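Visitor: Start from chain U and add chains C and L according to the hints.
Chains as they are written, first to last, in our numbering: chain U, 1 to 68; chain C, 69 to 496; chain L, 497 to 684.
Honestly, the hints are just simulated from the structure, not real lab data.
Remember, predicted model here, so these are calculated numbers, not experimental data.
A few of these clues could be false.
Per label pair, the in silico range of CB-to-CB distance [what the hints assert, rightly or not]:
no., chain 1, residue 1, chain 2, residue 2, range
1, L, 613, C, 348, 50 to 58 Å
2, U, 65, L, 657, 41 to 49 Å
3, L, 657, C, 454, 52 to 60 Å
4, C, 477, L, 678, 38 to 46 Å
5, U, 47, C, 322, 55 to 63 Å
6, C, 129, U, 31, 27 to 35 Å
7, L, 678, C, 130, 35 to 43 Å
8, U, 47, C, 316, 46 to 54 Å
9, U, 31, C, 421, 18 to 26 Å
10, L, 622, C, 477, 40 to 48 Å
We put the CB at the ideal spot given by N, CA and C, even for glycine.
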Amino acid sequence: MTDHVLRVDPIRCTARGLCAELAPELITLDEWGYPVLTASPVPAALAADVRRAVTACPTLALRLDRIP
Amino acid sequence: MTGVLPDMLPPRGDRRLLGGGRRLDVAEHLARFGPLPWAAAPGLADLAHRAGLRGRGGAGFPFGRKLAAVAAGRSRPVVVVNGCEGEPLSRKDHALMDLSPHLILDGAMLCAAALDADDIVLCVHRGDPAGALLRAAAAERHREPIVASVVEVPDRYVASEESSLVNFINTGTARPTSKPPRPFERGVRGCPTLISNVETFAHLALIARFGPDWFRDQGTADSPGTALMTMGGAVRRPGVYELALGVTVEEAVATAGGTGLAPQAVLIGGYAGGWLPLPRAGAVRLEHAALRAAGASLGVASLTVLPATACGIVETARIAAYLAGESARQCGPCMFGLPSVADDLRILAAGVGRDRALRDRLRRRMTLLAGRGACGHPDGFTRLLDSALRTFGDDVRDHLHDRPCRGSLLRPVIPVPRAGQPGTGGWR
Amino acid sequence: MIDHALWYASRATGLVTLLLFTTTAVLGALGAARFATSRWPGFVIAALHRNVSLVAMGFLTVHVVTAVVDPYAGIGWWDVILPFGSVYRPLWLGLGAVAGDLAVAIVLTSLVRTRIGLRTWRVVHWASYACWPLAVIHGIGTGGADSHVGWVLGLDAGCVLAVAAALGRRFVVVHADTRVRRGGQVRP
Chain U
1 MTDHVLRVDP IRCTARGLCA ELAPELITLD EWGYPVLTAS PVPAALAADV
51 RRAVTACPTL ALRLDRIP
Chain C
69 MTGVLPDMLP PRGDRRLLGG GRRLDVAEHL ARFGPLPWAA APGLADLAHR
119 AGLRGRGGAG FPFGRKLAAV AAGRSRPVVV VNGCEGEPLS RKDHALMDLS
169 PHLILDGAML CAAALDADDI VLCVHRGDPA GALLRAAAAE RHREPIVASV
219 VEVPDRYVAS EESSLVNFIN TGTARPTSKP PRPFERGVRG CPTLISNVET
269 FAHLALIARF GPDWFRDQGT ADSPGTALMT MGGAVRRPGV YELALGVTVE
319 EAVATAGGTG LAPQAVLIGG YAGGWLPLPR AGAVRLEHAA LRAAGASLGV
369 ASLTVLPATA CGIVETARIA AYLAGESARQ CGPCMFGLPS VADDLRILAA
419 GVGRDRALRD RLRRRMTLLA GRGACGHPDG FTRLLDSALR TFGDDVRDHL
469 HDRPCRGSLL RPVIPVPRAG QPGTGGWR
Chain L
497 MIDHALWYAS RATGLVTLLL FTTTAVLGAL GAARFATSRW PGFVIAALHR
547 NVSLVAMGFL TVHVVTAVVD PYAGIGWWDV ILPFGSVYRP LWLGLGAVAG
597 DLAVAIVLTS LVRTRIGLRT WRVVHWASYA CWPLAVIHGI GTGGADSHVG
647 WVLGLDAGCV LAVAAALGRR FVVVHADTRV RRGGQVRP
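If we strip away everything but chain U, and leave its shape as in the complex, we get (with noise of 0.2 Å):
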């Protein structure tokens, strides 16, 4: 496991979807087309890909934060 938590700032997302293209493992997207995150670390396995996600969204609004 890493030590860092996915997170999105909701104001900003603007359902573009593309980090559910990216993370699929860890991001899915409700029916709205709005990504649903868990509260679990992120596993070391996907850290590429969720740093990708991250670097991918269109408004930067999905966010990698260390847990304190």
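Guide: Just chains C and L, lined up with the frame of chain U:
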């Protein structure tokens, strides 16, 4: 150290904030309570912490901790007093602003002194007569070293949320903002901002004079002190009452004259609160921990009793439609999820007819709301609905089998205003 | 001969650059319109948009360098970034310099997008609505006689049509999220 004057008599019992039911002007106020205890300002956060004062605006956050967090900031803080009573089922802030505005101002000025702030902003809804009342009271205190100004905020449900008020003062739009940062770190003009409900400041004004032990004389260990509670719905004497925290639901209802008709349930905490069944939940204590454990929330301490003749699902469906309409439309799950669930509830209220998938759809959607918005609006909505499905479980079963109860055919009981217009100008 | 070669290289790479920037603009408009299929998911459109723009910058560099190094038209290094001061067709060349400056700003800010904040990036990116038309006009203007040649006309027309169509779609099709944020109805 409090500013206690040995010959000042502290208020007795639970009659603290609203005094004799008549507005005191500044001279009467100071004669009744004694001068503003400026000496208490330096240790104010500690005083509030020892008194266990919790915010009275709905969240119940420990006030001493909030004050200390703002004080720890790096620039000169700002004090914001939240008199925007956006919850339609609550009238307690209005009662306080009407009868004891000087207690509110005392508390705000003490905080400003403790924080070395020179700016106090009093927020009220546009068109609210409380605005004139607070302006008049602030004018009466013109000799004090700290100046308070009144700001009028659009009358929308989420406009009174902390970050909404800060956003309005900063940009002119009263919609919530994403956290972090929270107002205590970066708020008005980017400065650490103390923002609390009018009632919280009023309690603080008395704690500074009479001490934390006096404050803890009423209430429970976890929720000390008294609280202003709005009793409404099917009670004989609806109105605002000051009661010690920890009284039972039954005791509170009895204070308001008991119920005229046989009660079915009580909605605690307003639209974003939770239903509890009556008379079964009569023994539940009105304090934060007990209510949370029961699936409700103290919130703004309003109690609205639903008679047995009414239909809880119809009432909840109307409130849900209003809450959905009052979404600030900034976050997907709220702006789409709340109307979807409100629609489902409307169908349920009418009797399900052929919509067999409704229960599963409702259950699934309700897990997609809480925690996915920038503010607590979808969380309150979810709490209301969860508690409704629990409290009115028998009715839900009947409605699902296309047998809506007789109550659903009568006129609804709980007053629900029409939601504002969807255009974003509504929050400016 | 070398001189002619450089001149022809500049003209040829100019046309290729136009094609690549047109593709970039179309992909950008499609992305903003949330165009996505199972074979062309959103992240692919976005990645293509980015990569094509970088290839375009590569061709733009060759286009510019060959034009300056070639002594025929007397275009200097300063004319590349400062517009309207050149000896050769100052207006049309100048528009190209402006387009080039904007393109550099857009690409650089996009490369550091995560560090400069969304608002700054977005404001600079809007300059693409000026950048692409300026590039087209620069091409037609500096083309001179070549711009009236059949296949060049066809190419120019094709680029304009493609971008017009992509922009038409981008501004006509409104996603529910956009509609509701602007104050529209939740159910259309």
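Visitor: So which of those numbered hints doesn't the model satisfy?
Guide: Hint check: 10 fails alone, others pass.
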